[in-house]
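Q: Okay, here's what each chain looks like letter by letter:
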Amino acid sequence: MAEFNLTAEPFLKGYHRQFDGVGLVEAVDLRIASFACPAGAPAQLEAQAKTGWGIELPAPGASSGSLSNQPLVLGMSPDQWFALFAGQNGYANDKLLSVLGATAYITDQTHNWVALKISGKLARTALERICPIDLDPNRFVPGTVARTLMEHLGCIIFAAGEDEYLLLSASSSANSFLHAVEQSIHNIL
Amino acid sequence: MIINHPLLGPRDAAEFTYLGDVSLINRPDWKDAEAERKFHDYLYLRDNPAGEHRELWYHEQGDRSWLVVTRDTVTHEVKRVELAREAALAMGRGK
Amino acid sequence: MTQPNRVTGGLINRDAALGFSFNGKSMTGHPGDTLASALLANGQKLVGRSFKYHRPRGIFTAGSEEPNALVQLRRGGHCEPNSRATVVELFEGLAAESQNHRPSLEFDLMAVNDLLSPFLSAGFYYKTFMWPKRFWERVYEPVIRASAGLGKLSMLADPDQYDKGFLHCDLLVIGAGPAGLSAALAAGRAGVRVIIADEDFLPGGRLNLESQSIDGVAGSEWAAACAAELDSLDNVRCMRRMTVFGAYDHGIFGAVERKTDHLAESAGKPRQILWRIYAQRSLVCTGATERAIAFGGNDRPNVMLAGAARGFLNRFGVAAGRRIAVFTNNDSGWRTAADFAKAGLDVAAIIDTRETPRVSGPGDVTNLLGRRVVATSGRKSIRSITLSDGLRLSVDCLAVSGGWSPNLQLTCHKRNRPRWEERVAAFVPGSDPDRGMRVAGAVDGQFTLAGCLRAGQEAGIGAAVEFGRAAPALELPRVEAEGCGITPFWHVAESRGRCWLDLQNDVTVKDVELSHREGFKSVEHLKRYTTLGMATDQGKTANVPALAIMASLTGTSIEKTGTTIYRPPYTPVSIGTLAGRSRGREFRPTRLTPSHEWAHARGAVFVEAGNWLRAQWFPIEGETHWRQSVDREVIATRRSVGICDVTTLGKIDIQGRDANLFLNRVYANGFATLAVGRVRYGLMLREDGIAYDDGTTARLGDNHYVMTTTTANAVLVFRQLEFARQCLWPELDVHLISVTDGWAQFAVAGPNSRALLSKLVTEDISNHAFPFMACGDVTLCGKVPGRLFRISFSGELAYEVAVPSRYGNSMMATLMQAGEEFDAVPYGTEALGVMRIEKGHAAGNELNGHTTALNLGLGRMVSQKKDCIGNVLSRREEMNSPDALRLMGFRPVDRGEELSAGAHFFAKGEARNMQNDQGWLSSAAWSPILGHSIGLGFIRDGANRIGGEVIAADPLRGREVTAEIVSPHFLDPEGERLRG
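Residue numbers (this note's numbering), protein chains in the order written: chain Y, 1 to 189; chain X, 1 to 95; chain G, 1 to 980.
If a hint is listed, it holds; no wrong ones were tucked in.
Chain Y stretches covered by chain G per the calculated footprint, using a threshold of three residues with CB under 8 angstroms from any CB of chain G:
hint	region
1	5-13
2	37-50
3	119-132
4	164-173
Heads up, incomplete: computed chain X residues facing chain G, CB under 10 angstroms, no partners named:
hint	residue
5	4
6	22
7	65
8	68
9	86
10	95
Worth flagging that the hints you see were computed from the coordinates, not collected in a lab. All values derive from a computational prediction rather than experimental measurement. Beta carbons are placed, not taken as given, at the ideal position from N, Cα and C, and that holds for glycine.
Construct all of the structure, not just a fragment, from the sequences and the given hints.
A: Structure follows, in structure tokens:
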């Protein structure tokens, strides 16, 4: 068996490019898993998240925790969250399992999503061409997350900072998604 | 159109797909003596009011919630938006 | 001398010259000019031919309402017909051509239509087309088509780029005239998030066209200062060259921003942007459009609206005429005389229809009160006018004002009806145009500058307060007092010549009278019958006079006569703009399978399956026909082993205490007994009993399943499952999430599939340890976690192996490497299709939304012992008739013949008609294993007709084949191979 080897390749080959006023990078080191709350048992899950990570579970559209202080938890729907970890090692679902155990239904999502980080003073201007969500920093404050549609593609947008957004879109259409974002940057420069 | 999602706030209708009358929640009992007739009515008979209409929308490009939207079909005014799961429970589903 | 009509003043940059051409003739203008102002400056008064009668026409307005001055702009694929010269910003090298003439603008043979005008009156084509019928398509249509339309399309692909975008604001101010600027300033200073949009490249609206001053400075200067302040505010976006063209539900507006139309080249950047604006509140400050008076010969070049004539003078330093007369029914017309006199130009007279207007003009200008213009003369430009008292004046420009009509279109897009305001003789927006929408300024019938400034400022302050901001302390700018009196006057009845209403569509007063006589009295009928108010200008200068005339004919009030319904767009929008980026390859996104790169390098031929690109087959050297590749792939797979990327199947992760119960309800067949580590085929019905989708579901743990759906239905099934979970059975503990993109999945099929996989999988996958329909977590290449399913679509011993999708490309290469000793082949969707037809598996062709489980031969799978979607209504009598369609196999009696999908079945000797139709062939393929053509199809009572013969008639391809009805399982009907 030793003669066979499998290697993981980033969906966009580790794309990174600095434009005038906008940086666009494929985030290759994100590990993602979803977890859902068993019906009627939110207290146990909340307690587990509190003791394991020291965070409250966010409402849909909000987040808690952070990538630097693992994990970043995004509220996706009334009973479902995404947990994001930075780093190449280990599997997100194992990491979740070790903390949440049986208090949640866990599904690895690492390979479902391609992740792009867009940042810089013109990031918002570029996103204006494809993102229907109001990204005004006073409304879509850092830490906010939304799931929406950009150029016919489903997309999760997370405000990582004042001028920095993390975009997750389906990995099979990664090239189309990159093209949509790149084209937006091209069009505003 | 804009649908004011009860959890997420106002979102463009483009993120949603439409199904139809809220009565689609009232799926008949399969053991009912008149199950065939009741399923027929459930599936095929609907009111088509000019005015207030409670209807099912799905936030497909959002949080995947099914919603019950009370909308005026003449003016498109959206008067109320509820989570369909809660509406369904209130309508007696899940018993 | 160039630019003979350029005089002093104006908001143009005289230090720079811009060269341009009109009908090939070189001219010059200045930055700040429009094409119309530059043409007038160069003395070009004749600019086009009218639509129907090919009458010589000149520039009539100075704005987007222009009916006449339509040109072909730019060349080649960039050419845009029907461009309004009055809004085209001049740039170096601009090339424009006039429209609608043969051979030339000056000499147009089609002007013969003008002589035929008695036969071309309103509704002529409805009448003409009555007889004889055989002329409809052969004569009338070609003739009408050849002469219809103004501009000509280039027939080339549009080489420009377009984009779309989304804007959000608290307050959208539409129009940057005095009211809009005041409002935006008030709200903006208070901190409200404002977008102010104006179609012009220079904010200011009529302030740039008038000579009025504000706070002691020129109105245009005041506007420039306002715009500069708005530009400096972070919370305000002052958008120029942007037309808000439509108001939609819930505060959504459509707008087009012209980004590069004023430049010679767009340099690869979008030419225009289609914006979707989300506004909490909107303020319509769109001003008003001047309208004409109908009198004899009022369409001659250089008869123009009075506001346009002084606009060209004040904004562009262009004198439309050296000797001008003004014909008006209201005070505003007098300002034209005043401005021309002030510029030292000759004003022949002010002719006012009113006996005693309360307005005074420049001292030395003749005032002719209570009189009317009845006729004009001049061919390519006006030369004289004749008045109602017989007085004849020679002039080279006639400035006309019939009053002003508020630009209330946006307030009506949601069906609000306007209200007639007698004070200004105009329709003004009705009450409550839409929730969150307000109006201010001339659009609201405020026809004085002071009124506009006050209304705008009040509206801006009002918005600030509504958004919880402190009202800014603002003083009202000081302006001179002015009158805006009007006495309605629409039509000079004593004119003997044609009195034009709609210049763009050549509609005259007589046409309105004819329409009335023939019973087309409602304004909507009037519009359709006469074409009044159609096309690019939508009758902005003509509608109100026309319906006022109709009102007088019917003896009803103007208010009661009403206006036609206004719909978006306010001004024309290019199709390219609406398409945005969604053209060609970018029409929709593309999804790639994880092994796409490997397949591409291998020379695969790809096919579109929804958004997916899938490998269709993998040609190798020497193969010249697709069948050679597909036959080879099928044979190699059945003989040894083949590998196919099947990632596109939908995959849904299902977890929860009630997941088992949930699956049992959404599938028609039983799932209650599925054990952990096992997979089951599942059939989903719609509630009406029609087959919906099929796939397999694997039980990975007590509360954990993974479902596969067909590629095509992945999204729909997920939606349906969410509906069932949230709406039908909200009490169940079940959770769904898509994992379609997360797993690269490969079918490994053929007698050597186990041997191949054993080289990569750590775990024991012997037939004993991992039998048919087993599933489980596995480790691949000693380190990568994967999933293995022993399922078969091909009918062979087969597996599907899944790895995290970033490993997919590498997995494909590794499978091929491990398969080298078995001569493994990759196979595409064609070979997949051939093998499933050989095996008799239904696919999309069979699950077509019309067939039931019974039709598919799966009737016994539908459990009646449980509650599940579709089982109740699948009991309906009509769906269970004894001779129902059944899915069967078919083979040509003459094995050399070829079956074709889509053929319908008939008994031998019966007519090929609907009554005799017995079913259809849904799938067909060449079976390289059997060496002849095979097919699957639905035929009445098929299960009892094995061995029978029918005609498979395919009239579309002109083919008829005698086919034998056989079992749909052409291969290994007992299923020994897949269990081996």
